[in-house]
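S.K.: The listed protein sequences derive, respectively, from chains R and B.
Residue 244 in our numbering is what sits at position 242 of the first sequence, and the numbering runs on without skipping anything.
Residue 283 in our numbering is what sits at position 24 of the second sequence, and the numbering runs on without skipping anything.
Honestly, the hints are just simulated from the structure, not real lab data.
Where a beta carbon is used, it is the ideal one built from N, C-alpha and C, also for glycine.
Hints may contain errors.
Unchecked claim - Quick partial rundown of chain R residues pointing at chain B, CB under 8 Å, derived from the structure: (1) 241; (2) 243; (3) 283; (4) 284; (5) 290; (6) 361; (7) 364.
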Amino acid sequence: MEEGSHTVVSKHSTVTGADALREDLRSYLVVIRAGEPIARHAIGAQPLTVGRDPARDVVISDVKVSRLHLQVAMLGGEVVLEDLGSSNGTFMDGRRLFGPTVLPANYWVQLGSHLLKHERRSHREVERELELQRDLEKARVYVQSLLPAPVTDGDVRVDWFHCPSAALGGDAFSYGPLDQDHLFAYLVDVSGHGVEAAMHTVSVLNVMRQHALPGVDFREPSQVLEGLNGVFPMEEHGGLFFTLWYGVYSRAQRRIRYSCAGHHPGFLFERGKPARGLRTRGPMIGAVPGQRYACADAPVPPGSLLYLFSDGAFEVTTPDGRMLGLDDFLMLLGGREAGTSGEAERIYKAVKERTRPGPLDDDFSVLAVSFD
Amino acid sequence: MKMDITEDDGVVKVGLVGRLDTPGVDAVETRLTAAVCPRGARTIVDLSGVEFIGSLGLRMFITIARTLTRKNGKIVLYAPQPFVAQVFETSSLGDIIPVKPDVTSALALAKA
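If we strip away everything but chain B, and leave its shape as in the complex, we get (with noise of 0.2 Å):
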């Protein structure tokens, strides 16, 4: 699991690529817990890079997304393939945490 993050006009954008498993959310929760929650930072992360998410995965980002909401940030997540799209449609996720189509409409939202 890779993970990159930057800084844009006040939004953190985080991009992930591989497979948000078990091993692959071990190798960056820390670090994107760490880049975006002491700060109630308001992010974004692309999505277009993971082939795979699992409980784990989803655990990860509803965690901080709570922690963000009680620190007036917020987390939009974006361009899902469609495996992991359909995941977030039978888990209901977007209920919890918004999902975009793309980077444009997920600024627009975090930013709002």
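Looking at chain R on its own, in the form it has when it is part of the complex (with noise of 0.2 Å):
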């Protein structure tokens, strides 16, 4: 590139001597969103167009980022990039760019809420991400497996909807049959997000289905939150603790008990009556050796719907920076389309649209139990 011939605001080496030696690395153009790579791309000679523009050879999904926003090209051994005059800019180290820049290795600029990063990677190393990512993936097939399927018919039906905050949350849940007149469903929460927090999860998930707690009545939920509490303890489970609430249903009795370890309630939606929280006041799982657990109970009138959530369900943030609550979610449940199939999955997108664009901050479930 020459200098003088057009606007180069600026221009380092992206070659070091060491790199220089390494002839099998390559330019990678890497998409970044809340500090997540989510794509890679090969800069080669033909440029790459970036927008928000499905046809565009890397396509970012972010109002704030141009239909066709920039392009990326080698040029002389160099990635250089160039706004294509988008609405918002491109920005690096806060500063707006204007014409072709050169962007050497390991900087990124800005467009909207997303980094595009410059790293020289060797093949091997690229295919060594790719298959951490394709482990990933499998880890997150296995865990989902383990969530029962919705329950679309009979007297009492299950919808929900899951959705990790990173490629494995620490949120699961389940329920089912006990006996002929008892249900259970319950909703846990390990501290943190991750690999760390899945595998935990995946231990509890087994021990709740195995019915593996010596001694339990799974149809009492104090004796299952006891019975937990002395399975998991923090400091034998690598410091994690969980929240959870469990609640088994008596078709008989038309009740439900339940028992909570610092979880939220589950709120039960009677028609035409304010929703009603659930909940039983006890610390976390793992966090108090010998805890004893309170149980308390509720009627389940006809027509009644129980929704349980991880917190992740309503801690969000708004584009301008509020964090919504509790409150703000509740105003999402026991709607006009409350108890249909779907639901779950229209109260995340109410939720989404309510957030800043990418991520949530935490793993999002949410169970919606509707009774006859």
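Take the two lone chains and join them into the complex the hints point to.
M.R.: What follows is the structure, given as structure tokens:
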């Protein structure tokens, strides 16, 4: 690139002496959202177009990214990008860019809420990273397979939606019959998210699936929580603890017994009445050895709806930086489409509409249980 | 997340400002742990500047509290904002770590 023939805002050496010795290094454009790389594109002789339009080589779904925002090309051994007159600009080190600009290795530019970073990697490094991502995807599919299918018919129906904030999450839930009369449902939220939390979640799910709590009657919520507390002390599980809402519904009595460990209430909606929070007080599972957990119960009139959800569903941030809360979230429940198939996903979409772009800050889980 | 640590009359006073989310905890946990745990310090933590706390923030405080207890130390949290106070109530954190409304009551408990 000849200096003086056009504006070059910055020019740095993109290839160090050590790099020059590694002929297998290639330049990649990495798309980063909320601190996580979400796509990688090799930069070659052919320019890459970047924008919101699905026809672009690099598609970025961001309202602040123009349909054709910029292009990136390899010129004379350097990566050069050029903003193509975008509405909201492209920024490097806080400066808006105009005209062709060299993007050195390990530097990035910002457009909307996304970053584009220039990385120089060997093909082998890229393949290893892709392999790791494939393994994470397999793990995600495995965790997802442990969640029960929605129940779309019968006197008690369950709809749910689950979205981890990272590749793997710390939320999980389950429900099903204990016997002809009793049904259980629970939602567990392990501290943190990611691989560590997901592994702990899988342990909890498997203990619960196999009823591997000696001497515990799974129809008694207090016993279940105390049994889990004995099996999962945080010192023996990497300092991890989890919150839990566990309930058992009796068809014959039309009542639900429930117990909570550090969890916000489940909410029972009866037609024409305000929502009722179902919660007992007690610390997270694993935090206090020998903790005794209280149990409570509530009637479940015909036509009632029970919602269980993780705190990731309501501890979210709006585009202007305001934190939403539980009261905001409750307004999305029990509406005209309450109890219908797909309701949980609609709730998720309603939450997403109210939050800043990008993934939610925490794992999102909602169960909607309908009682005839 | 910002943190300042001072000491007065044998009590370590920690001031936190910002969000105790995942990056916030990452920013302060190691330094805070190193400042109080090895010597089993009597510690008070000013939460008036903390606008959010997630599960990792709770985990950080619980882990520090258990270590301090083993070393005859103590940690007292004080002046949580309403959102943080609600998280403490939901999680029953007060059953594990004392939470006081102000610095005077926190100091009194830390020195007891």
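S.K.: Taking the earlier hints as the rules, which of them does this structure contradict?
M.R.: 6
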